[in-house]
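One line per chain: the protein sequences are A and B, in this order. If you're matching positions, the first sequence starts at 1 in my numbering and goes up one per residue. If you're matching positions, the second sequence starts at 1 in my numbering and goes up one per residue.
Among these hints, one or two may not hold up.
Computed list of lysine-lysine pairs in BS3-like fashion (alpha-carbon distance at most 30 angstroms, straight line) [said to hold, decoys possible]:
1) Lys154(B) x Lys154(A)
2) Lys154(B) x Lys125(B)
3) Lys273(B) x Lys273(A)
4) Lys460(A) x Lys273(A)
5) Lys240(A) x Lys273(A)
6) Lys46(B) x Lys29(B)
Facing chain A, according to a computed beta carbon distance under 10 angstroms, are these residues of chain B, among others [what the hints assert, rightly or not]:
7) Val110
8) Tyr153
9) Cys175
10) Ile176
11) Val177
12) Leu246
13) Asn312
14) Cys417
15) Pro441
Quick caveat, the hints were computed from the structure, so don't treat them as lab data. Ideal placement from N, C-alpha and C gives every residue a C-beta, glycine not left out.
There are 2 protein chains.
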Amino acid sequence: MVSAKVKRLDAVFNPSSIAVIGASREPNKIGHVILKNFVDGGFAGKIYPINPNAEEIIGLKTYRSVLDVKENIDSAVIAVPAAAVPQVLEECGKKGIKGVVLITGGFSEVGNVEGEAQIVQVANKYGIALIGPNCMGVITPASRVDSVFLPIYKLGRPRVGGISFISQSGAVGGCIVDLAARAGIGMSKFVSYGNAAVIDECDLLEYLASDKQTEIIVAYLEGVKDGRKFLRTAKKITCKKPIVVLKAGKSRAGAEAAQSHTGSLAGSAEAYKAAFKQAGIIEADTLEQLFDFAKIFDQVLPCGNRVGIITNGGGMGVLATDSLEEEGLALAEFSEDTKKLLRNSLPPYANVRNPLDLVGDADSHRYEIALNALLKDENVDIILLIILFQTVGIDSSVVNIAIRASDQKKKPIIAVCTGGEYTEMHKRILESYGVPTYSSPSSAMKAIARFLSYANHYSKYNEMVCPHLIKKSK
Amino acid sequence: MVSAKVKRLDAVFNPSSIAVIGASREPNKIGHVILKNFVDGGFAGKIYPINPNAEEIIGLKTYRSVLDVKENIDSAVIAVPAAAVPQVLEECGKKGIKGVVLITGGFSEVGNVEGEAQIVQVANKYGIALIGPNCMGVITPASRVDSVFLPIYKLGRPRVGGISFISQSGAVGGCIVDLAARAGIGMSKFVSYGNAAVIDECDLLEYLASDKQTEIIVAYLEGVKDGRKFLRTAKKITCKKPIVVLKAGKSRAGAEAAQSHTGSLAGSAEAYKAAFKQAGIIEADTLEQLFDFAKIFDQVLPCGNRVGIITNGGGMGVLATDSLEEEGLALAEFSEDTKKLLRNSLPPYANVRNPLDLVGDADSHRYEIALNALLKDENVDIILLIILFQTVGIDSSVVNIAIRASDQKKKPIIAVCTGGEYTEMHKRILESYGVPTYSSPSSAMKAIARFLSYANHYSKYNEMVCPHLIKKSK
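Turn these sequences into a full structure, and let the hints guide you.
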């Protein structure tokens, strides 16, 4: 089902050997930074710097051309001036290199349509899966492939995880990756695909659909070459994996700013909404929502829309309830067993209703009682766990309790933690153990609503077995 | 105009001397933490620990009662058990203490209405401005008053600034203060006012309206004792100072969760929206928006709705334009002079239109040219300055350029910076120099829209002199 060209992308993401064409001795040159990324980043395969004017760069023997290398080369990153690209690409083809990331700009994006056509012709002649030109490169945290030419203090690299992210814009892509790295969100593949001359967004979707390391696909799009094909491709994938899309240029003025591409998805924000919904795509309206919506899929899919809320701050419970109603979710009615259990285990001043306020002096033990009760309660489909780390009774052990509860994979557990450094520290721990954590009840409820609507879409094509064995509530 | 009781709040926020009643020798007791806050925090006035069973606490001579202190005492923080409160409050009255922060809980919030009535009676007899009971206390960064009993590693303290924040809920209030501290947002006063037995939200609004250090008032409300009075009070203030309100319990389910208070503002989310609008109140829908909307007032009020956008990432310009249209703002049309100047000064591949894309290799110098041009252009009322710190050409000097431009106080300059640690570091610098900085174009545009609608409200009651001397565009 996956085309040969798309299959060859394996060479880009998981190469055994890589050539850096345009590797430079000068520390501030792109070709130097990329080479250094592979060396310092701990890439385990062979690295071949290609530069006709150097013997050795950062301790590695340097070659004049990929054709001078005796061993096989799987993949190449090209960062030479635009005029030199056709020749080095031709050499890549002759060498049998399967995948290429072409960083160099100066092609169709500045009107050099001919130059780009020439590249496409060479790539197709040899069947090269070519990403770019005019792109920021690729990051695969697991294989330590990293062809992004920005230093890690400016642009952080995310840990290994299940989210793959493709971005047409290098700048937006870069800042989102940086954001993900800071938030502790794990990533499988990041691809800045630039002009999409050979490999386009549909090819990448296809590749990621069949990629075992990718659990969720996130895309930032401006123009799309073939809107219908994109929606058709997406629809096939969303039966199995969620796709979250932020489409820029949805407004009239925004579309003008994006200078609409030929054949691109056109129409109003409403038209997009409808088309995305039909294809089962989860639509993000803002940069923040891209990962807010993606990271919730670390949890098991919900089997119904009844949310149980646990909090140690009454006000946060009220805010959560406001947002729940706004997003059309249901406030779970705790079972009699749950109420009884909670009444017997919690202090008399804790109010045994939903939202369950454990009160400002709550400690980890109280959270444990509440979480276990709600995990058991058949009237609860999703647990929203609000933890205010500022309060007296709370320490780090509440994080372990939340992680253990989430590890049971019975019901989705979504956390809300609002605050400064101490809170952020614990948020990152929760995130790194797969408990999606939000800064406010409203951002969490928005994500839960998308999670639920994807679960509904998914259940049309797949038999869903609810881990806590209850019938669907909706 | 300000009542005597409200005037006495001065003693709470700027006392020359303070008694900590219930000061404890045990480090984990509330009465110890509060005493230590004053000592370690560098409170410049006299501090009197009150504890009948101690001679000395952390090096300070301890008194059995405030009546045993010979010198005048302006204010007291009370953290003794509920049963002991009436007596120590009586002693405060006899001593002539003007302001009291009553931390102790166990009154009307747990049904002890009689106990609370007794407190009110004593406070009124002596004319004490009493905050609480059942509250988290007060923070005044400038005078180093800090009666919040949570350690600073859990709950950060904000720097000195113009935002005052009142919160009915201690927990929500605490996490928002913590958030503000981390974001580098400056604060004049923080008040957790708890049960509002004596001093209520209207009294606090009145006090802050006449407080010179307070430029913007932010409030988190659940119930409101007297809705009409609140709106009337707010309306008088919003002619002069902006008020941003997050009202929890606006939904049906949320209101139930908040257990509606007698005489509280009732009605649907729509009813609130209308009432707030009429009173000139800026309504926040989420915790994030509370400060997103407040901090924009660090800038001069805008004289029109035409936004000029500068960016070094094309995609961010597109997203900003989408958000601008959604919020009903106008995309400025650059003047011919501006276009000419930019064409002559910027590289040929930079697109001289709005949004102005300085392109991925932009450096500080290019930002300086663009900022100066837009500050001069009479077609531009507001400048949205998008800086992606991940790119090659950007270093810290761009921050100085933005600050210098903002210091001219000609037009509002609003920044957008999205990313990880390096970006956050620069965001905090911008914020601390009064350049409001947002994580995404959409959150910035939402704030700009509120800023503009407040400017319209303000201009009805005040003559607005536009610093860049252009006629109003709207």
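Going through the hints against the structure:
Taking the CA atoms of lysine 154(B) and lysine 154(A), the gap is near 28 angstroms; set against the 30 angstroms cutoff, the hint holds. Using a Cα cut-off of 30 angstroms, the hinted pair lysine 154(B) and lysine 125(B) is violated, with the two alpha carbons roughly 38 angstroms apart. With a CA separation close to 26 angstroms, the supplied pair lysine 273(B) and lysine 273(A) stays within the 30 angstroms bound. Under the criterion of a C-alpha separation no larger than 30 angstroms, the hint pairing lysine 460(A) with lysine 273(A) is consistent with the structure, at around 20 angstroms.
As the CA atoms of lysine 240(A) and lysine 273(A) are separated by approximately 20 angstroms, the hinted pair is consistent with the 30 angstroms bound. Restraint check: the Cα-Cα separation between lysine 46(B) and lysine 29(B) comes to about 22 angstroms, which is no more than 30 angstroms; the hinted pair holds. For the restraint placing valine 110(B) at the interface with chain A, the shortest Cβ-Cβ distance is roughly 6 angstroms, inside the 10 angstroms limit, so the hint holds. Contact between tyrosine 153(B) and chain A, as hinted, is supported at the beta carbon level, the nearest pair being about 6 angstroms apart and thus within 10 angstroms.
Interface restraint check: cysteine 175(B) against chain A, minimum CB-CB distance 4 angstroms, threshold 10 angstroms, status holds. Restraint check, isoleucine 176(B) versus chain A: the minimum CB separation of about 7 angstroms is within 10 angstroms; hint holds. Hint status for valine 177(B) relative to chain A: holds, with the closest Cβ pair at about 8 angstroms, below 10 angstroms. For leucine 246(B), the shortest C-beta to C-beta distance to chain A is roughly 8 angstroms, which falls under 10 angstroms, so the interface hint holds.
Interface hint status for asparagine 312(B): upheld, as the beta-carbon distance to the closest one in chain A is roughly 7 angstroms, under 10 angstroms. Hint on cysteine 417(B) holds. Least Cβ distance to chain A is approximately 8 angstroms, under the 10 angstroms limit. Annotation: interface hint on proline 441(B) holds; nearest CB of chain A at approximately 8 angstroms, less than 10 angstroms.
In this structure, the one hint that does not hold is number 2.
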